[in-house]
Every structure is written in structure tokens, then in C-alpha cells.
Amino acid sequence: MKYNSVFDIIGPVMIGPSSSHTAGAARIGKAARNLFGEEPKWAKIHLYESFAKTYKGHGTDFALVGGLLGFDTDDPRMSKALDIAKEKNIDVEFIEESAGTNHPNTARLIIGNDTDEIELVGISIGGGKVEITELNGFELRLSGNHPAILIMHNDRFGAIASVTKILAKYEINIGHMEVNRKDVGKEALMVIEVDQNLEDTVLQELENASHIIQIAKIAS
Amino acid sequence: MFRTVKELVEIAETENILISEVMIKQEMDVKNLSREEVYAQMEKNLNVMEKAVEDGLNGVKSVTGLTGGDAVLIQNYMKEKTPLSGNIMLDAVSKAMGTNEVNAAMGTICATPTAGSAGCVPGTLFAVKEQLNPTRDQMIRYLFTSGAFGFVVANNAFISGAAGGCQAEVGSAGAMASAAIVEMAGGTPQQSADAFAITLKNMLGLVCDPVAGLVEVPCVKRNAAGSSLAIVSADMALAGVTSRIPCDEVIGAMYRIGKTMPSSLRETGEGGLAATPTGQTLKEKIFGMSVSKE
Numbered sequence: 000m001k002y003n004s005v006f007d008i009i010g011p012v013m014i015g016p017s018s019s020h021t022a023g024a025a026r027i028g029k030a031a032r033n034l035f036g037e038e039p040k041w042a043k044i045h046l047y048e049s050f051a052k053t054y055k056g057h058g059t060d061f062a063l064v065g066g067l068l069g070f071d072t073d074d075p076r077m078s079k080a081l082d083i084a085k086e087k088n089i090d091v092e093f094i095e096e097s098a099g100t101n102h103p104n105t106a107r108l109i110i111g112n113d114t115d116e117i118e119l120v121g122i123s124i125g126g127g128k129v130e131i132t133e134l135n136g137f138e139l140r141l142s143g144n145h146p147a148i149l150i151m152h153n154d155r156f157g158a159i160a161s162v163t164k165i166l167a168k169y170e171i172n173i174g175h176m177e178v179n180r181k182d183v184g185k186e187a188l189m190v191i192e193v194d195q196n197l198e199d200t201v202l203q204e205l206e207n208a209s210h211i212i213q214i215a216k217i218a219s
Numbered sequence: 000m001f002r003t004v005k006e007l008v009e010i011a012e013t014e015n016i017l018i019s020e021v022m023i024k025q026e027m028d029v030k031n032l033s034r035e036e037v038y039a040q041m042e043k044n045l046n047v048m049e050k051a052v053e054d055g056l057n058g059v060k061s062v063t064g065l066t067g068g069d070a071v072l073i074q075n076y077m078k079e080k081t082p083l084s085g086n087i088m089l090d091a092v093s094k095a096m097g098t099n100e101v102n103a104a105m106g107t108i109c110a111t112p113t114a115g116s117a118g119c120v121p122g123t124l125f126a127v128k129e130q131l132n133p134t135r136d137q138m139i140r141y142l143f144t145s146g147a148f149g150f151v152v153a154n155n156a157f158i159s160g161a162a163g164g165c166q167a168e169v170g171s172a173g174a175m176a177s178a179a180i181v182e183m184a185g186g187t188p189q190q191s192a193d194a195f196a197i198t199l200k201n202m203l204g205l206v207c208d209p210v211a212g213l214v215e216v217p218c219v220k221r222n223a224a225g226s227s228l229a230i231v232s233a234d235m236a237l238a239g240v241t242s243r244i245p246c247d248e249v250i251g252a253m254y255r256i257g258k259t260m261p262s263s264l265r266e267t268g269e270g271g272l273a274a275t276p277t278g279q280t281l282k283e284k285i286f287g288m289s290v291s292k293e
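Protein chains in written order, with numbering that gives the first Met the number 0: chain A, 0 to 219; chain B, 0 to 293.
Just so you know, the hints here were simulated from the structure itself, not pulled from any lab data. These numbers were taken from a predicted model, which means no experiment stands behind them. Here a beta-carbon is modelled for each residue, glycine too, at the ideal position from N, C-alpha and C. Heads up, a few of these hints could be off.
Chain A stretches covered by chain B per the calculated footprint, using a threshold of three residues with CB under 8 Å from any CB of chain B [what the hints assert, rightly or not]:
1) 6-18
2) 47-55
3) 113-127
Let's have the full structure, built from the sequences with the hints guiding it.
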């Protein structure tokens, strides 16, 4: 089921005017920041369908950037996010796309700094709830109902075992797991949904495991 | 976990508990939280709603100037005259509109189930409370009952205008409010379901056609429609009127109608009222204005 909590329906507490276009956009931005691991220095944001047609009126632009700055949906600084990003010298570009997509409220974000970048697709499915459907070219099927860890790693034997061994040590149960790779021996992505939120110590240990490139946590 | 309104009502009837209690228990179970924690989170949302209603009744204005101040006009009218639609009805309408005026002015609100439809549930709550005199506990329960029905809609259809039109937003919100009013007034779980069905039936086909793509015109006044219809449907169900089409089938109809709705009528600001000569003129004015501001 897409929605599993009453607070998906009665909530979130947010700055208006639109739960899909403002609160949802902020959450997509924040998910991107979390996946990148730090505040990006630049962002190219492609908007599709209803997002592309109405983003100015709904504040989708400042909300996405607010999320990139780490703001929650009810952060009073939200409507000033574009100015705040400018002050911080974060370069933001919006591109209105005319192509159709699977979901009317879709954004593709490419964010980065001088050395790294990530690309992801987020959809805002209603009432402020969002899903990340693509990361660095990998399709995701994150329900968003459970905490998850995304692990970019090198496609080598033992990479998966080194991760699951650490999770087992901390008695963390895996609810759902998928592994994708671009090509044999190249970059790969592990997506692991777990039953409880992970402590930072566990994440640090995972980061240091063999063949691991980057780790991001998504709280449910 | 309940998936349908039928299952929701069955659980409430078999266990002889309120709809709100079914929702509270499920939330505790799914999120592994105590009753106190679940209650505390909902009370926080209730406080945000109360503050938004208060701000709306004090008068706000959106950046574009398209909306704001109507909630105040209605409250003043109620003080000076005897409203034809009755005090509770009009109080609900003004509080629903006030909440959405705050939303349009980029104030803080609680989405129920969305921001564009955030007026219906609190608007009716803070109006019927004047007659029903609920405890704080019952007011929190009102939100769980609303949430339980919204939960079914969100999982079986949609709650966003971009996906299913305004019937999915204000339609769902008004219907959720109807079900909650019934429970607060002492009706049965089945009467809540009937009230929900009656409201949603009367909202079927409603398109999402915001002028200039903004959550202002007609959104604020559609919350007036959703909240007033919520009270009428609740009264009908409490009187013993039932819905000939079962609740879940009405939700199914809403889903199919939304699926066939053209994109111009799903929150793109291209069709309906947005496409009227006045809608177009307002759009040009507003975006001209925002360009000159930069």
C-alpha cells in the first residue's frame, strides 16, 4: 500500500500553498540532499507536467531548493529559499520539460559540487508524500514506508556480504533488498529497507566496509 | 490493516469500538508507537489547525491579492444578521475558507489530506464543536476518524488534484469530515460510511482548474462547498438516510472518473475556470507582476 500511516493523510504540517507542489517538492529536495550527503554547490532541476506548468504559482521552485538546503516542510524560511541559496552561492537552474512522464508531478534533479554529482527522479504522489523512482540511472522501488539505506558500491564479490554481515551484527532485520548494476564490475546500487532506523555508528561501519563508495539513509 | 471502508466498518462493529479507535490501534501497530505518542502527534496537528483557523478569522491576504478576507466578511455577517444557512453551517464555511486563505498566503497549515483541501476537516470541526461540546480527546479522535477514511481513498484511488482532479482533494476532504462529524455526534460506524459516500458522490467529476495554477481561485471557495456538504451529509446519515451505492464503490467511481479526466483539468491551470477570459487576464497580471518584482 502506498500510504501506511494516518499522518500521511492528516499531515504534514507545512507552509502553503500545495502539499504536492510545495511540501512534496521540499521532501524531494531534502531526499536529494540526504542522498548526496551534503549541501550541493549547484543544482539542475528538470520539471515535468503539472510541476512544469504551475511551479511558479505553487512555490515548487523555492520548496525544492528549500529541501536541498535541508529545510523541513514547515520551515518558516521556505519561501526565502531561493534568496538563501543565492547568498550561499549555490547555482540553481530550472528547466521546464514538455515531455510526458508516468506521474504528473515529476522532478529530475542533478545536484553536485566540484567533484561529485548525483542524479535522481522524485515524484510527489499526493498529500506531501513522495517517492524516489530513480537514482544515478538505477530504477528504484522504494515504498518510503520503512527506513532504507542506499549503498553505491563496486560490483565485486563480497560487497553484499560485507554489508549484510554488519547489519546482522547489529541485529537489524532486512525487510526488502534489491541489487542493480550498470555492467559487470562497474558501479552498482544496493537498496535495503529495514525495520528500524539506523544509528550513525552502523552507517559509519557500513561506509568503511570493502567496495563501498557512498551511503545514504532515508528515514521513513 | 484495513484496505476498504467495508473492512474498516467491520472491524469497528466486531470489536465494538469507534472508527477512530481502529485507526489509533493500527497506527500504534504499524509505527510501533505507544498510544500517548500517537495522540501527541495528532494533538500537534490539531493545534496547528486551531492556529490556522484563528489566523484566517483575523484576516490574511495572499501575495497576489486574489484571496483573503472572505472568512472575516462571513463572520461579520453572522454577527449582524441571521444567516439563512444557519450559524453552524456558515461558521464551518468561514473557518474552512479562513484556513485556505492562510494556506494561499503561505502560512502554516496541516494538510488534510492535502493543502488545497486543508479547510474542510478543521472548518467543520471548529464549527460543530460549538454545538456538540466535545472533549479535547474527542477533537483528536475527529482527526483519526477523518484520517481512517482518507487512508482508504489514498490507497485505492488518489488524493491529489494533479492525479484525480478536485474530486480527489476537496471531494475526499469533505467526505472525510462528514464521517468524523457522524462519529462525534454519536452515530454508528456504518452511518459514518454512509455520510462519507453521500458527500463524495456529490463531488464526483469535480475538476482541478486553478487560475494561474495557484491554490487560490477557486480552491478557497471549494473548501466552502466541501465543508457545508460535509455537514448536510452527516445530518442525512444521522437521520437514517443510507447511500444506495456502497462507500468503496463510490471511491472506485471517483478513481475511474479521475483516470479519464484530461490533463488540462488536473492542476495544470490550462482548462476550466483557468481558461476563462478573466482567468487568463488574472494570470497575465500576476505573472507580469512577479516579473516586474524581480
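Hint-by-hint comparison with the structure:
1. Under a criterion of three residues with beta carbons nearer than 8 Å to beta carbons of chain B, the stated coverage of the region 6-18 of chain A is upheld, 13 such residues being counted.
2. For a cut-off of 8 Å, the count of residues in the region 47-55 of chain A with a CB near a CB of chain B stands at 5, and the three-residue condition holds.
3. Check on the region 113-127 of chain A: 5 of its residues sit with their Cβ under 8 Å from a Cβ of chain B, so the three-residue criterion for coverage holds.
Taken one by one, the earlier hints all hold for this structure without exception.
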